[in-house]
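Engineer: The lines below spell out each chain.
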Amino acid sequence: MDKYAIEGTPKTPSISFDLNGGVLEIKGRSIPENSIEFYKPLVDALDKYTTAAKPATTVNVQLEYFNTSSSKCILDVFKKLEGIHKGGSAVTINWHYEEDDEDMLEAGEDYQAIINVPFKMVMVNE
Amino acid sequence: MVDVFDIYDKMERNNILLSFKGEITSDLLTSILQIMENKMDNMQEEPKMKKKVYNVLVECLQNLYHHLDDSTDSAKMEKVKSAIFMIGKLETKYSIFTGNYILNENIHGLKSRLDEVNSLNKEELKEYYKKVLNNGEMSLKGGGGLGMIDIARKTGEKLEYNFLEIDNKVSFFTLNIKVSQQQ
Chain G
1 MDKYAIEGTP KTPSISFDLN GGVLEIKGRS IPENSIEFYK PLVDALDKYT
51 TAAKPATTVN VQLEYFNTSS SKCILDVFKK LEGIHKGGSA VTINWHYEED
101 DEDMLEAGED YQAIINVPFK MVMVNE
Chain X
1001 MVDVFDIYDK MERNNILLSF KGEITSDLLT SILQIMENKM DNMQEEPKMK
1051 KKVYNVLVEC LQNLYHHLDD STDSAKMEKV KSAIFMIGKL ETKYSIFTGN
1101 YILNENIHGL KSRLDEVNSL NKEELKEYYK KVLNNGEMSL KGGGGLGMID
1151 IARKTGEKLE YNFLEIDNKV SFFTLNIKVS QQQ
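If you read the sequences in order, they're chains G and X. So in the working numbering the end of the first sequence lands on 126, straight run, no missing numbers. So in the working numbering the end of the second sequence lands on 1183, straight run, no missing numbers.
In short, the hints are calculated from the structure, not lab data. There's no promise every hint is true.
Computed cross-link-like contacts, PhoX-like style, restricted to lysine-lysine with a CA-CA straight-line distance of at most 25 Å [to be verified]:
| hint | chain 1 | residue 1 | chain 2 | residue 2 |
| --- | --- | --- | --- | --- |
| 1 | X | 1048 | G | 120 |
| 2 | X | 1130 | G | 27 |
| 3 | X | 1050 | X | 1169 |
| 4 | X | 1081 | G | 40 |
| 5 | X | 1130 | G | 120 |
| 6 | G | 27 | X | 1048 |
| 7 | X | 1050 | X | 1178 |
| 8 | X | 1131 | G | 86 |
| 9 | X | 1131 | G | 79 |
| 10 | G | 80 | X | 1126 |
| 11 | G | 54 | G | 27 |
| 12 | G | 79 | X | 1126 |
Sequences are here, hints too, so could you generate the full structure?
Structural biologist: Written out as structure tokens, the structure is:
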């Protein structure tokens, strides 16, 4: 497996994880009722990647909405990335937020405060 | 006979945009969100407000969805599974009302959580959110008690609630969330 990809739905984001290139992208809405079930395959893919991580890993998160059920799962994903970062792959998390969306910016800053990985806040024009 | 006009009139006066009474399913939740998103687009609601209302709606509806199956009282099963949801807009302020049955034994826990959230200011809510987010606990459905904190944080308003005792087993829990422009 060198690529893990799933299409987005009205309640779940699109995920593309290129294990060879070391690029993970999460985009769209994350408001499923059962987010643990949704995020488990990604967490598993990150576990696999841990043993063969590239020298640099880039993570692009561009969420329009996410519910509190997803917020813990996203934290789990970031904790895996923290482990990968400690393991020697230089991880950068690019947290995208729309210009007027202070709540999304704040959410990114919350993660930044908890997770020991370089974060970049990227403003997106609507 | 049911006084339909009375119900209509009350809804009209509260400027209710959408209401539902019954069992909250996953599909229904998706539909309500879609309808409200379209309505806010048609009303040309400003994007910032639209996002806030949408976010709060998701949390309110998913609260109803997750907590309806908490009770296993078979005699009241049908009734207990039922909930009410309403959203209205007066001037620039949205009001979201939810109501659902709760076992009396669960009131104390919920009430103290709501009171705790209501006692915190903006900065304290932010810290509390991060603490709960990072405490490693996770309910089976993934929520882990963040919903109410998130609603209070995003709206900047106190959570108004009430418990109406129905009998010695169940009460009816109502929640009123306000979302206003200045936030």
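Engineer: Would you mind marking each hint as holding or not holding in the structure?
Structural biologist: A quick look at each hint next to the structure:
no. : hint                 : in the structure
1   : 1048(X) with 120(G)  : 22 Å, holds
2   : 1130(X) with 27(G)   : 23 Å, holds
3   : 1050(X) with 1169(X) : 39 Å, violated
4   : 1081(X) with 40(G)   : 29 Å, violated
5   : 1130(X) with 120(G)  : 19 Å, holds
6   : 27(G) with 1048(X)   : 19 Å, holds
7   : 1050(X) with 1178(X) : 13 Å, holds
8   : 1131(X) with 86(G)   : 23 Å, holds
9   : 1131(X) with 79(G)   : 15 Å, holds
10  : 80(G) with 1126(X)   : 23 Å, holds
11  : 54(G) with 27(G)     : 22 Å, holds
12  : 79(G) with 1126(X)   : 20 Å, holds
Against the hints set out earlier in the document, violations occur for numbers 3 and 4.
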